[in-house]
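2 protein chains.
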Amino acid sequence: MIAKAMEPFVFGDPGIGAMFDVVAKMVAEYGEENVYNFSIGNPSEPAPEEVKEAIKAILDEEPMKRIHGYNASSSGDAGARAAVAEHLNRLHGTAFTADNIMMTVGAAGGLNVLFKTILDPGTEVITFAPYFGDYNYYVENSGGTLKVVAPNAPTFQPDAAAMEELINENTRAVIINSPNNPTGVIYSEQSLKEIGEVLARKSAEYGYAIFLVADEPYRELAYDGKVVPYATKYYDNTIVAYSYSKSLSLPGDRIGYLVFPSEIEQFDAMKKAAECAIRMLGFINAPSLIQLAVEKCVNASTNIAAYDRNRKALYEGLKGLGYDCVYPDGAFYLWMKTPVEDDGEFAQMALKHRIVVVPGKAFGCPGYVRVAYCVPFEMIGNSMPAFKDLMTEIQDNY
Amino acid sequence: MIAKAMEPFVFGDPGIGAMFDVVAKMVAEYGEENVYNFSIGNPSEPAPEEVKEAIKAILDEEPMKRIHGYNASSSGDAGARAAVAEHLNRLHGTAFTADNIMMTVGAAGGLNVLFKTILDPGTEVITFAPYFGDYNYYVENSGGTLKVVAPNAPTFQPDAAAMEELINENTRAVIINSPNNPTGVIYSEQSLKEIGEVLARKSAEYGYAIFLVADEPYRELAYDGKVVPYATKYYDNTIVAYSYSKSLSLPGDRIGYLVFPSEIEQFDAMKKAAECAIRMLGFINAPSLIQLAVEKCVNASTNIAAYDRNRKALYEGLKGLGYDCVYPDGAFYLWMKTPVEDDGEFAQMALKHRIVVVPGKAFGCPGYVRVAYCVPFEMIGNSMPAFKDLMTEIQDNY
Chain A
433 MIAKAMEPFV
443 FGDPGIGAMF
453 DVVAKMVAEY
463 GEENVYNFSI
473 GNPSEPAPEE
483 VKEAIKAILD
493 EEPMKRIHGY
503 NASSSGDAGA
513 RAAVAEHLNR
523 LHGTAFTADN
533 IMMTVGAAGG
543 LNVLFKTILD
553 PGTEVITFAP
563 YFGDYNYYVE
573 NSGGTLKVVA
583 PNAPTFQPDA
593 AAMEELINEN
603 TRAVIINSPN
613 NPTGVIYSEQ
623 SLKEIGEVLA
633 RKSAEYGYAI
643 FLVADEPYRE
653 LAYDGKVVPY
663 ATKYYDNTIV
673 AYSYSKSLSL
683 PGDRIGYLVF
693 PSEIEQFDAM
703 KKAAECAIRM
713 LGFINAPSLI
723 QLAVEKCVNA
733 STNIAAYDRN
743 RKALYEGLKG
753 LGYDCVYPDG
763 AFYLWMKTPV
773 EDDGEFAQMA
783 LKHRIVVVPG
793 KAFGCPGYVR
803 VAYCVPFEMI
813 GNSMPAFKDL
823 MTEIQDNY
Chain B
433 MIAKAMEPFV
443 FGDPGIGAMF
453 DVVAKMVAEY
463 GEENVYNFSI
473 GNPSEPAPEE
483 VKEAIKAILD
493 EEPMKRIHGY
503 NASSSGDAGA
513 RAAVAEHLNR
523 LHGTAFTADN
533 IMMTVGAAGG
543 LNVLFKTILD
553 PGTEVITFAP
563 YFGDYNYYVE
573 NSGGTLKVVA
583 PNAPTFQPDA
593 AAMEELINEN
603 TRAVIINSPN
613 NPTGVIYSEQ
623 SLKEIGEVLA
633 RKSAEYGYAI
643 FLVADEPYRE
653 LAYDGKVVPY
663 ATKYYDNTIV
673 AYSYSKSLSL
683 PGDRIGYLVF
693 PSEIEQFDAM
703 KKAAECAIRM
713 LGFINAPSLI
723 QLAVEKCVNA
733 STNIAAYDRN
743 RKALYEGLKG
753 LGYDCVYPDG
763 AFYLWMKTPV
773 EDDGEFAQMA
783 LKHRIVVVPG
793 KAFGCPGYVR
803 VAYCVPFEMI
813 GNSMPAFKDL
823 MTEIQDNY
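Taken in order, these protein sequences are the chains called A and B. Whatever position you read off the first sequence (first residue = 1), add 432 for the numbering used here. Whatever position you read off the second sequence (first residue = 1), add 432 for the numbering used here.
Isolated chain A (complex conformation) (with noise of 0.2 Å):
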């Protein structure tokens, strides 16, 4: 029989699970170029051609070992985390060395062999809604619980005052994630200060490093110049969680890194620990292949310009139907506040209209729904008529 902790997600209210079934029927139906499905995170921007070019020169050049061969590091190939800490440090300012990565099975995998390796039953680990929801996963799985911060409306900036309130003995890491996952807000270098001012303090007062998480699949997609700080630059004790998924589009290869500063506590227990949970959780190692490719295209990048031309367009466009939104700085999601209360019920009503987007609940935050928008450009256009039906649905009934 199934695990009891797996039957609520088999047996229980399948949710979004739902709204899925409907959207394939309504696919089935209309045709998938008259559903508008903003509901995705998928990049909707191809790998670029670097990317083929670097793998195809691999195979032809380095030896077959180190292609398919387990890592003799737990943290990766040598080269590939070297060609990364170079980047990073090319980009931030930073020190880095091959040393201060470990490649990882994507951000995901990253975050679950990180808080096996400083959770324990009992502990906790703080975020900030609206968030990511499998975040209740990763910190499950190593036996900690998720800690909640109420989300910041209108700004949805991280409170760090709000943050302290919910610290304890028991709390060993907060998780931010900027550009956020749903919302596409930057968190701001002065959010940052004030999240390192506050753990700073609080590691003092209890005498133990209480980590920062910054999880980053986002980084690179950031628009109108906008600058995404560098977290390990505000607080001491911050580690790092990395994936190429969006930056180079590679989200099925599952490929992706954490950095552990030199300067976070027990460095090399940290990363000795973590060496052990990569393989107790049964990754091993980051897909070598992908590691390498990864090598070789550190500066290479998806076409932010056409996920920014999107964001424009639906932004415009929503806003001039009378939609309230939050003006997107970063990631791939315009997070819009339901003309109606219930986000749920928007989001119903939406579907009736065959486009679909993600109640605000699924992120810890009643009340908006995410519209992703890493689709092709037309369907952005050809979704307007649908949401001003929908607009003008809400204001003859409400």
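The set of hints was computed from the structure by calculation and includes no laboratory data. Don't take each hint at face value.
Copies of the same chain are indistinguishable here, so a pair counts whether it falls within one copy or spans any two.
For lysine-lysine, the following DSS-like pairs were computed, each having C-alpha atoms within a straight-line distance of at most 27 Å [what the hints assert, rightly or not]: (1) 484 x 497; (2) 488 x 728; (3) 728 x 497; (4) 658 x 625; (5) 634 x 436; (6) 728 x 484; (7) 497 x 457; (8) 704 x 793; (9) 634 x 665; (10) 769 x 436; (11) 704 x 457; (12) 658 x 744; (13) 658 x 769; (14) 784 x 744; (15) 751 x 704; (16) 436 x 579; (17) 820 x 751; (18) 436 x 704; (19) 744 x 497; (20) 625 x 579; (21) 728 x 744.
Since the structure of chain A is already known, use the hints to place chain B on it.
Positioned in the frame of chain A, the structure of chain B alone reads:
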């Protein structure tokens, strides 16, 4: 600070880890060719040429989203799963479809997904010593405890009657590994029938299925025409975990699969729970590009004849020197009874002769060592004088 649960691995007895540090120093001092390292289960044969050609063709011919995108199903690419199912049907006369296959991040990833699917805190999984030690972690990651049936020397076939004594109301699964790491023994059809009979009887007694988990990364490495019985044929509630780490020499790429036969209890719920588990654990999906390589290479094979040659040379050589070894029918490991009682002491003595082997206690079976013969053929002949000196030293002193 690091998790209390990780402290033993970081600050505790370094055990085999310390041995590897000594080995690294020896390699630096004497050169790699003068250290007879039989400790690593890393395939010595390269991946077949078909893999390289397959990957290049995929990069040129497949749509970018299929190569690098998230899989539409968490079970993996539908084409890859269909190819695996058809391959198994051809070989074993089974009737699997893509629905019975879940592509996983190696067998280690697959086992973690499976245990998350069926284990709760307080549950138990049974295995037979000697066994792959990391099973302990995989079971504990989902809150379970591994219970171990004592070694059944000298055949090392699994003892179904001894297994039955360990079954209780907390037992959820029995995991077997054949061809076996570390013994090289192939579990016989008779053994599988006996295990299946006991599990069917105990499942009926408790009113739910106790699963048989067949972990088979070494399936293709069987010699002298020996057949490895396909476990699903002997007990309905069998789930197979497979990896291409050995059969295609792709250990770094992290690719394997789980087989969920349609006959298992709660088939639909099990599949759905596993698809949740692979996401919750942070694997998300098996690496996408390598799934497609597997689809094209299901019939390819590593150079098994090379391992066979090593096997015979090592077994005959050691036998001639008076060592007592199990003649291995499969995998690439030789299982040797240590000529001194303590296998740890023997491994240390061997190290002085620059021979590296893994003590049996690491596999729950003291008094033996594992000699991995996935090594260059020359190393076997070159190592014989050292093995001879080692035996002479033992005979002179004991």
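Quiz prompt | Copy assignment of residue 704 with residue 457, given that the CA separation must stay at most 27 Å | solution = between (49 Å within a copy, 19 Å between copies)
Exercise. Up to 27 Å between alpha-carbons, please classify residue 625 paired with residue 579: within, between, both or neither.
Key: within (21 Å within a copy, 50 Å between copies)
Quiz item: Should residue 634 paired with residue 436 be assigned to within, between, both, or neither, using CA atoms and 27 Å as the limit?
Solution: between (37 Å within a copy, 20 Å between copies)
Quiz item: How do residue 728 and residue 484 come out at 27 Å by Cα distance, when the copy is not named: within, between, both, or neither?
Solution: Cα proximity of residue 728 and residue 484: in one copy and across copies (11 Å, 18 Å).
Quiz item: From the Cα coordinates, with 27 Å as the cut-off, is the pair residue 744 and residue 497 best called within, between, both, or neither?
Solution: Between. Shortest inter-copy distance 25 Å satisfies the 27 Å Cα cut-off; intra-copy 47 Å does not.
Quiz prompt | Same-copy or cross-copy closeness of residue 658 to residue 625 [CA-CA at most 27 Å] | solution = within (18 Å within a copy, 66 Å between copies)
Exercise. Classify it for me, residue 769 with residue 436: is the Cα-Cα distance of at most 27 Å met within a copy, between copies, both or neither?
Key: Neither: 36 Å inside a copy, 43 Å across copies.
Exercise. Go through the copies and call it for residue 704 and residue 793: within, between, both or neither, with a Cα cutoff of 27 Å.
Key: between (38 Å within a copy, 23 Å between copies)
Quiz item: Taking 27 Å as the upper bound on the Cα-Cα distance, should residue 820 and residue 751 be classified as within, between, both, or neither?
Solution: Within one copy only: 11 Å inside a chain, 83 Å across chains, cut-off 27 Å.
Quiz item: At most 27 Å between C-alpha atoms: does residue 497 with residue 457 qualify within a copy, between copies, both, or neither?
Solution: The answer is between: 22 Å across copies meets 27 Å, while 46 Å in one copy does not.
Quiz item: What label fits residue 488 with residue 728 when the C-alpha limit is 27 Å: within, between, both, or neither?
Solution: both (11 Å within a copy, 17 Å between copies)
Quiz item: From the Cα coordinates, with 27 Å as the cut-off, is the pair residue 658 and residue 744 best called within, between, both, or neither?
Solution: within (15 Å within a copy, 65 Å between copies)
Checked against the numbered hints above, the structure violates hints 10, 15 and 21; every other hint is satisfied.
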